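Novice: Work out the full structure: start from the sequences and follow the hints.
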Amino acid sequence: MRKGQYRFVAGFLFVPVALYLIFVIWPYIQTFGYSLTDWKGQSQTFKFVGLDNYRALFHDDVFLKAIWHNIQFLVFIPVVTILLGLFFAFMVNAGGRSRAGGVSGVAGSKFYKIVYFFPQVLSLAIVAVLFNAVYRSDGGGMLNGLLIKLGLVDAENPVEWLNEPGFVRWALILVVVWHGVGFYLVLFSAAMQSIPRDIYEAALIDGASRTQSFFRITLPLLWDAVQTAWVYLGIVAMDMFVLVASMTQNMGAYGGGPDHASDVMSTVMMRNFLYFGKSGYACAMGVVMLLLTLVLSVVTLRATRRDRIEF
Amino acid sequence: MSAPIKETAAVPAVRPVAKTRPGPGERKGEGVVLNVFSHGFLALWALLIVLPLLWLVLSSFKTDAQIGGSAFGWPQHWSLDVFSRAWSKGIGDYFLNTVIVLVFSVPLTMLLGSMAAYVLARYPFWGNRFLYYFFVAGAMFPVFLALVPLFFMVKRLDMLNTFQGLILVYIAYSMPFTVFFMHAFFRTLPTAVFEAAILDGASHTRTFFQVMLPMAKPGLISVGIFNTLGQWNQFILPTVLMQPQSGDDPERYVLTQGLIQLQQQMGYASDLPVLFAGVTIAMIPMLVVYLSFQRQVQAGLTSATLK
Chain A
1 MRKGQYRFVA GFLFVPVALY LIFVIWPYIQ TFGYSLTDWK GQSQTFKFVG LDNYRALFHD
61 DVFLKAIWHN IQFLVFIPVV TILLGLFFAF MVNAGGRSRA GGVSGVAGSK FYKIVYFFPQ
121 VLSLAIVAVL FNAVYRSDGG GMLNGLLIKL GLVDAENPVE WLNEPGFVRW ALILVVVWHG
181 VGFYLVLFSA AMQSIPRDIY EAALIDGASR TQSFFRITLP LLWDAVQTAW VYLGIVAMDM
241 FVLVASMTQN MGAYGGGPDH ASDVMSTVMM RNFLYFGKSG YACAMGVVML LLTLVLSVVT
301 LRATRRDRIE F
Chain B
312 MSAPIKETAA VPAVRPVAKT RPGPGERKGE GVVLNVFSHG FLALWALLIV LPLLWLVLSS
372 FKTDAQIGGS AFGWPQHWSL DVFSRAWSKG IGDYFLNTVI VLVFSVPLTM LLGSMAAYVL
432 ARYPFWGNRF LYYFFVAGAM FPVFLALVPL FFMVKRLDML NTFQGLILVY IAYSMPFTVF
492 FMHAFFRTLP TAVFEAAILD GASHTRTFFQ VMLPMAKPGL ISVGIFNTLG QWNQFILPTV
552 LMQPQSGDDP ERYVLTQGLI QLQQQMGYAS DLPVLFAGVT IAMIPMLVVY LSFQRQVQAG
612 LTSATLK
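Those sequence lines, one after another, are chains A and B. Position one of the first sequence corresponds to residue 1 (the numbering used here), numbered consecutively onward. Position one of the second sequence corresponds to residue 312 (the numbering used here), numbered consecutively onward.
Any given hint might turn out to be false.
Now the in silico label distances, taken between C-beta atoms and shown as ranges [as the list claims (entries may be wrong)]:
1) B:R440 to A:D198: 35 to 45 Å
2) A:F111 to B:G438: 45 to 55 Å
3) A:R306 to B:L362: 34 to 44 Å
4) A:I199 to B:P501: 51 to 61 Å
5) A:S137 to B:L391: 27 to 37 Å
6) B:W389 to A:G33: 36 to 46 Å
7) B:R440 to A:G33: 23 to 33 Å
8) B:R606 to A:F46: 48 to 58 Å
9) B:L365 to A:F46: 48 to 58 Å
10) B:S603 to A:V298: 40 to 50 Å
Bear in mind the hints are in silico, worked out from the structure with no lab data behind them. Quick caveat, the model's predicted, so the values are computed rather than measured. Backbone N, C-alpha and C define an ideal beta-carbon position, used for all residues, glycine too.
Specialist: Written out as structure tokens, the structure reads:
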């Protein structure tokens with residue numbers, strides 16, 4: 001490479017690398033260091049305390065509870081969203097009347113895709129306000145109002161969806177699913193459309209039913225997309241900050257109520273950082289979140305590994 | 312998370328959604344039941360998406376007492392007054408703040424991200440692979456890992472609660488995906504055009520801006536949409552970085568932050584119609600953009616994951 005070329009390469013890389021280094025990489029690295037200190041954030045003085053923060057973490061009931069809730073979200077959010085996404089994608093692409101030898105989408109499949117995907121472009125803040133109204137704990141809430149009309153809920157005694165420890169996490173899962181299904185419908189149906197039609201037609205000639213062709217053809221060939229979806233939804237389940245912080249009762253700040261029943265790692269961390277001012281401790285939580293995320297992705301990739309089918 | 316990145320890295324990223332028409336032939340019978348069933352389910356979920364949204368928009372025309380009374384009342388007065396109240400109660404400012412930030416952050420993200428991706432994709436030099444993984448690795452880590460030191464870094468630069476601070480942070484956090492995606496895109500562009508431009512005496516910089524960048528337009532549109540939506544909807548970064556720092560430091564909330572703020576205020580003030588009107592205002596641009604660029608938006612958001 002000539003000299004001018006080097007200058008060009010360096011010139012193009014300088015600003016992006018500098019920005020990325022200052023605002024992303026360096027803070028990531030610093031977190032590890034700060035997690036070993038008792039830094040309160042307000043002062044610039046802090047002591048090295050070794051692994052004390054981590055030891056404290058494992059006796060912090062709120063944080064342990066939060067990890068458990070994240071794990072529950074990690075199981076239910078991907079399972080429900082992926083199943084619904086696959087179901088709808090199959091319906092949209094192959095659920096139609098087979099008027100022409102092969103499989104075809106239902107009428108209006110384009111319309112469904114447009115509608116289902118729309119929540120994905122809304123911010124979670126909007127979604128949170130919307131579902132706060134839907135989950136209102138009196139007859140003015142959409143859900144309670146509907147159930148009262150149907151006579152399933154006593155008007156005097158409506159359900160406190162977000163204030164019952166037994167309901168609040170399910171209520172949140174429902175919101176995530178509502179928000180996400182459209183994305184996975186579009187993702188899966190793009191993958192389905194890349195499956196050659198002759199395979200389906202061959203199966204039809206061999207007398208395969210629609211259910212059989214779904215489980216024997218579609219699903220195996222979609223496996224890569226399902227795996228990707230699982231990882232993406234895993235990231236969503238590890239986060240949950242916006243919804244918990246803005247939909248649930250405040251446990252000091254950043255939601256988490258009632259009685260920490262909806263607290264997740266991200267809200268506990270933010271509370272410790274900005275509300276209690278325990279910066280060092282919050283950093284230790286950040287590191288634990290990283291470790292769990294890495295474990296999660298390794299486990300997901302291992303558990304869902306299949307031989308790749310070329311087509 | 313390394314998985315999606317690794318899988319997609321080797322292959323050109325954008326792929327148009329294939330459209331297939333069923334071939335000739337006739338087959339009847341089976342499917343009628345399934346057809347009704349599938350239509351029923353699809354229509355039901357479509358209603359579950361649309362009805363709450365319409366209900367919320369409708370609620371902004373009601374009074375606070377009506378909202379608390381029954382979920383299915385009909386508004387008594389169709390007055391647009393509530394929307395102008397919501398606008399002046401803060402939504403207008405939040406809106407403007409978000410636009411100011413994105414007007415700078417999105418084009419700069421695209422420019423800097425493409426520059427880095429281009430150099431990494433087309434110029435062999437010592438440390439190239441390392442730099443590429445250095446950029447892409449950022450996508451693996453949860454943002455929460457960086458929050459605390461990031462806050463103090465921005466504080467030290469005296470950029471807390473400033474637009475320029477948020478803009479720079481948005482650009483930096485959009486780099487991994489932008490570089491990853493544009494890198495894959497630049498690799499697929501033909502070398503012949505590049506060589507022709509160089510032979511004609513164009514400088515490397517000029518080749519990039521006048522030849523390569525225009526050719527990468529489809530990729531730029533996809534990533535551009537992805538970044539615009541991502542930055543428009545970002546919540547955690549402004550929550551940490553955009554708090555007034557002292558009594559006379561004005562509030563510079565972005566829209567997402569502002570809506571949550573408004574939710575708190577209007578809850579206390581018993582003025583929910585204003586909140587709902589605010590949400591309606593915040594939804595309208597997304598709806599317009601989405602409906603006019605529906606295919607590009609869907610492709611832009613999902614293309615990263617398609618192999």
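Novice: Against each hint, give a clear statement of whether it holds in the structure.
Specialist: Checked hints:
1. B:R440 to A:D198: 35 to 45 Å: 40 Å, holds
2. A:F111 to B:G438: 45 to 55 Å: Since the Cβ atoms of F111 (chain A) and G438 (chain B) sit about 50 Å apart, the hinted range of 45 to 55 Å holds.
3. A:R306 to B:L362: 34 to 44 Å: For R306 (chain A) and L362 (chain B) the Cβ distance comes to about 39 Å; the hint holds.
4. A:I199 to B:P501: 51 to 61 Å: Because 33 Å falls outside the window, the suggested range is violated.
5. A:S137 to B:L391: 27 to 37 Å: 30 Å, holds
6. B:W389 to A:G33: 36 to 46 Å: 59 Å, violated
7. B:R440 to A:G33: 23 to 33 Å: 27 Å, holds
8. B:R606 to A:F46: 48 to 58 Å: 53 Å, holds
9. B:L365 to A:F46: 48 to 58 Å: 53 Å, holds
10. B:S603 to A:V298: 40 to 50 Å: Roughly 41 Å apart at Cβ, these two residues keep to the hinted range, so it holds.
The structure fails hints 4, 6 (numbered hints given earlier, in ascending order).
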